[in-house]
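Asks: Here's the letter readout for the chains.
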Amino acid sequence: MNIDSLISANEQWMNAVEPPCPVILSSRIRLARNLVKYPFPGWANPSQRQELLATLCDALCRLPEMKEATVLSVAELSELEKLVLVERHLMSRELSGASAGAGMVISKNQNFAVMINEEDHLRLQVMQNGFKLDEIWTLIDNLDSGIERQVEYAFSPELGYLTACPTNVGTGMRASVMMHLPGLVLIEHMEKVIRALNQLGLAVRGVLGEGSEASGSVFQISNQQTLGESEVDIIHRLSNVLRTIIQQEKNARQKLFESNSRKILDKIGRSYGALQNAHLLTSSESMNLLSLMRLAVDMQLLPEDRRGLIDRLFIDSQPGHIQYNAHGDVEPSRRDALRADLMRTHFNTLPPLNFSNRS
Amino acid sequence: MAKSKSCNHCTKPATIHLTQIVENKITKIDLCEECAQKKGLTDPEGLDISQLLAGGGMDVLSNDGDDTPSGDAIACQLSGATFDDFKKTGRFGSAESYDLFRDKISPMLKNMHRGTKHLGKVPTYCEHKSPDKPLEPIESLHKKISQAIEEERFEDAAVLRDEIKKRSQEPILSA
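Residue numbers (the numbering used here), protein chains in the order written: chain X, 7 to 365; chain C, 13 to 187.
In case anyone wonders, no lab produced these hints; they're calculated from the structure.
Just so you know, nobody snuck in bad clues.
DEER-style ranges, computed between Cβ atoms:
1) C/C22 to X/T61: 37 to 45 Å
2) X/N115 to C/K24: 50 to 58 Å
3) C/L153 to X/E158: 22 to 30 Å
Here are some chain C residues the structure puts well away from chain X; computed CB gaps all over 10 Å:
4) C44
5) D96
6) S152
7) L153
8) K155
9) I157
10) A160
11) E162
12) E164
13) V171
14) D174
15) K177
For each residue, glycine too, the CB sits at the ideal point set by N, CA and C.
So that you can see chain X by itself, here it is in the shape it has in the complex (with noise of 0.2 Å):
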């Protein structure tokens, strides 16, 4: 199966949005269905699985959301393709490795992406660049009563959405947003911020997803509860601890400033020269060092305009990018030597870091 167009397509979420939102990244909503009459996908035959796919694909591609959208079979796509599309935040690590009658549909612009028979029969996901939970909610509640007109959901009065994991039953929705806090993280107030997001029902977890680190002071924070509130409410109530966390980290950054502004701006310096002229570039390092070049962005040392630059370098640094855009298995040591070479390649042409802005 081929992806490529969907991963040379210069999606509009992975571009630098208007106006610039220095902390979040992204924003993020999926909602988990199932159809009446089915067991779940983790207890289906293959058959009910192949004819859940079948009847899911149909269904989908009749949307107008899902005009000219790719439909890919896990079953047909090489592991170095899952990897791209779980880098790119399209796939679940859960469905990369589902076995036979798992599926996704991609609409064109990649905002609407679905996973079909992952955990629950459906996930549905739009993604988009910026603070944008309220605009994300009303697409998804659109994508999702297009599809409710067309099959028969599994839903309770009393529980509301039947999910394979009481986790996710009631609304089925998790909503989150990509964090980026080097601040914070640079005066060690991430794991105080964790446990009180915790207390508050919100989960915290590293880029990739559950499991994954948090290197280059990214972090995905989301909603844990789904079942006594509305969506609206769930949405209210996540917003408002994002923008308490946003403040905070402005608050760090100042204060890391006024403290030792010096410290800061030699840790942005020496990342800007690795960038510049490191042979040998390990994942988390190139993260951890452009995490400190969209920082740089932020404090007006590096112009706006390559905000965009930064944060497409992110996904193109790791692994399975790394890969696929060497058409082929790489060996680590390899990844790493192609890694700075892309960094050195882009790094050089971006201006010199502007102190005067700064000292």
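Position chain C against the provided structure of chain X, taking the given hints into account.
Replies: Showing chain C alone in chain X's frame:
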């Protein structure tokens, strides 16, 4: 519970006993060392008790009377999955499970979520059926019937009887 000294996940003796009190409800988990490690219990900071509950090994003490191991072997018709399967995998076999294992699921949902009643979106084809209040459990309708008969409120009893009859013909899950 007297038998709670073996691991909730396997049959080995439990050496790690966790107690959490949330809103006056005591939740206890007993695990052997091996399962505790698998669940990441070596790092108490990273402990997420709702995940643990979701992954099985739950033992809600307030439900003391409901200690019938035989109930865990009842299978949902659509998938063949039992409650034991859910304890092992953390996932249900089909939407029917929510009805079938209602008594076991309710206390779990209470611990996991902000409320026990869905307040969000309702599919258009269900809207006319969606009551403002959650459906009363059948058992409580039966109790009410007995009470109505005792108090010679036969009209009320008839209404309740019809309600029970209607419900037994129409599974809660059918939308």
